[in-house]
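Chemist: Kindly produce the complete structure, drawing on both the sequences and the hints.
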Amino acid sequence: MGQALSLAVSAVLLAGFYAAMAYGLGLIYGVLRVVNLAHGGLLMASAYLTWQLFTRFHIDPYLAIPIVLVVFFGAGIAMYKGLVRFLPRGAAGGVQSLLLLFGTWLVLRNVAYLLFSGDDQAVRTSYSTAAVRILGNSFSLNRVVVFVIAVLAMLALHVLLQRTFLGKAIRAVAQNPDSCTLVGIDVERVYALTFGIGAALAGLAGLLASTLFAFNPAFGAEEVLRSFVIIVLGGMGSVVGIALGALVLAFAEVFSIYLVPSYLTSAVGFVLLVVVLVVRPNGLFGRREVA
Amino acid sequence: MRGLRLPAWLSGRTLLLFAAGLAVLYAAPLVLSMGDYTHNVMGLTFMFMAAALAWNWLGGYVGQISFGHSAMFGVGGFVAARLALELSLPFWAAWCIGGLVAGIYALLWGHPTLRLRGPYFAIATIGVGEATRLVATYWDEFTGGSSGLSLPIGQGPTKYALYWYGLYLLAGAVALSYWLRRSRIGLGLLAIKEDVEAAGDVGVNATFYQDLVLFLSGTVMGVCGGFYASYQAFIDPQDMFSFDRSIGFILMAVIGGIGTILGPALGAVVFVMIQEFLLATYPQLYLGLYGLLLVLVILFEPLGISGLLLRLGRRLGRRPTPGVAAGGIATSSSAAEGEQQPVLESPRPGQGGAA
Amino acid sequence: MSRILVGQGVSKHFGGLKAVDEVDFHLEEGEILGLIGPNGAGKTTLFSVAAGSIPATRGTVWLQGERVSGRSAHRSVHLGMARTHQIVRPFARLTVLENLLVGHYYGRPQGATGSAHDRAMEILQFIGLGDRADRLPGELTLADRKRLEVARALATGPKVLLLDEVVAGLNPVESQQVVQLIRQIRERGHSIIVIEHVMHALMSLSDRVMVLDHGRKIAEGKPAEVANDPAVVEAYLGREEG
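Chains as they are written, first to last, in the numbering used here: chain A, 655 to 945; chain B, 192 to 546; chain C, 2 to 243.
Certain hints may be false.
[Unchecked claim] The list that follows gives simulated cross-link-like pairs (lysine to aspartate or glutamate, DMTMM-like), each with its CA atoms no further than 25 Å apart: (1) B:K350 - B:D430; (2) C:K160 - C:D25; (3) C:K223 - C:E166; (4) A:K822 - A:E842; (5) A:K735 - B:E388; (6) C:K19 - C:E166; (7) C:K160 - B:E388; (8) C:K19 - C:D208; (9) C:K19 - B:D430.
Keep in mind the hints are simulated off the structure, nothing from the lab.
Modeler: What follows is the structure, encoded as structure tokens:
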């Protein structure tokens, strides 16, 4: 029983990180209908940036958050204006955006490889090994801090989307971009800003990841997969939905050790995805026809 | 005996071109003197051309981008290798059975996931590829785990002989590519690619046709895997099932011309050439270069090399007939031209709007 | 006159929302049935259920005795029923002719003779798109795209045609032409259900009219009767919320 409880807390902590990781992808997909396959590359780039900031300039990773957010926000806007903006919308655009952003990811991967070699890296601060006791079990301090930051970030995002004008504009564009032009919303600008926010979130997630896991230039593929599973499970429209999706996935993964060997844990998400899609064939966003 | 009547979608001229090309490639090593290395690499390239074409049936004709095709490549390779090792089956039989098993595997994961559209399907395939790789790597009894499987030397064809077997494989893939696109099945696939629900509303059984294409694609991929096993005489799961390998197939098709009939084969040739060049001079740049190529192709010429050739053909004043465009690359009719215009033109009004 | 299409107790619920609620309907052979109702009444949903695109929550629809509800859309087409969409969905990167050919090859039109090309061209001539066979849908006007939608449905050789707001968005001249066209389609031997908001077009076209409101059938009968039915008037002009 003690082990189950410990696993449960583990799962909750993990879910926080997963949610932060998924939100960037979900926001961009929800608003632009573009799957940002470069998301994995951004995660990886941010991990490296955090690591460099720490090893070269001795900036503590958590204090580097503002820097990372700004840098990746800018990167996201640049990506939109330089690349994504040119893609056609609709059927043809879907395939092309996948491939375009995937190509970008490959470039990022290679750049990282050239700059830093393919070896695993990790951010080891003085407190990396510190632990915290929760409900009688011991957990790494980093994991708890990551969880707290992730929750704060999601709350901030929720406030942004619900309470600010930009947030309303973003939600409006997600629903019906054409009508938005009619009421004077600059849709292109919203797209660019959304991409920026999504990239910034990816940057944050990458920073958090760097304190938890070892990483190398290939890092990010599993995370994209997980993010997508979460989006399908929980919906991309709401912070709550993604939080729930993240919880489901985290619990499934953590408790799967009772059933499958540990090396298959990352396959759990995929299996979950297929199961959900088979059970709900129209996905969780089946089209509704109203006369 | 009744005279041979060609089906409506096959022109005599195309058939002639095909036979001529086949004959030329068949005879080439016997007449010219290529080095052994060139000869062998060509054989391998034929296989990659077939694999790229097979990927394109699903990715280009139906429009479902698979990031996990290495799964079938690996399944075919390992089944074939195992059969050759355990049962001493002749290599071509091992390839065929390996291919069939790969095709069935494709149906297993594909049937439920093909109802997903676009990015949903693509990401699911990333998962398929990775999950397959994980399972295969740890299933040592079958795949030899990280140490892989070696095929004994002397059993099976030589690299030299594989040139012609690769050529047959390619010929088969080209024939299938042409048939799938030009017959009425091709029209149905295009409809599915455009709007799968509307296709159903005019009678297209999308599930059946997607499954069919996936099965064919997976089977041919599997056969290619078997070829590869014979060629290298050694395979290991980390390589066969790798994500990078799946990426390679995508690149071949996209660079050559996704959705065209022969474009991917061209792309495979370019890919192998770049690979050879890069491995020699800048081995650490190949991923970035591929990524850059992808970005450039998508932004400037979504039909890749085929697109460039089409434009060249138009400049030279030759209006592409429905059958053959400049350079002998057979594309589909106006469908290909309208298909993915250079992105910097605005999309046609009423076209491409998400329903 | 036999009943070619019959629906019994058809219901479609989306979670708590009853989009279609226990609707019985039938279509006589050679008839034009008008289907009207305020926005959100469930008309298109009823079409989708009848066509097999979405499964019914309850109830069944039969086409000439064969069950079509709850099966797939393509099966309904093979059995002889085709539908058009409110917002047209042509295959954007196929030409007008190719759009029809898809319907011809996959729709299993019965008794279709001659080459596919000839038959498709004949339908295009009939509907008025003969000279635009090689164009892409994006190059057509809205009116022509609506014709294409109908032509494509015709290419599948249906016995029953479900037309969803074919007249909406057209100017009066175009509307008149389309109304004429629908009559001609009936003369060619098809039975038709028409959803329409443009009242005068629908009333002049239909032999019989059925009215839905909030998913339920509230009236059925000859156009004149239905137009004067107080329940129908109320549905359109609104109720006093008590």
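Chemist: Each hint needs a verdict: does it hold in this structure or not?
Modeler: Okay, the hints, checked on the actual structure:
1. For the suggested pair B:K350 and B:D430, the alpha carbons sit about 20 Å apart, so the restraint of at most 25 Å is met.
2. For a cut-off of 25 Å, the pair hint linking C:K160 to C:D25 stands: about 20 Å separates their Cα positions.
3. This hinted pair checks out: C:K223 and C:E166 have alpha carbons roughly 20 Å apart, not beyond 25 Å.
4. Annotation: proposed proximity of A:K822 to A:E842 holds, straight-line Cα distance about 15 Å (limit 25 Å).
5. Our distance criterion of 25 Å between C-alpha atoms is broken by A:K735 and B:E388, whose separation comes to about 33 Å.
6. For the proposed pair C:K19 and C:E166, the alpha carbon gap of about 22 Å is at most 25 Å, so the pair holds.
7. With a C-alpha separation of about 21 Å, the suggested pair C:K160 and B:E388 falls inside the 25 Å cut-off, and the hint holds.
8. Taking the CA atoms of C:K19 and C:D208, the gap is about 28 Å. The hint is violated against a cut of 25 Å.
9. The suggested pairing of C:K19 with B:D430 is violated, with an alpha-carbon distance near 54 Å, which exceeds 25 Å.
The earlier numbered hints that this structure contradicts are 5, 8 and 9.
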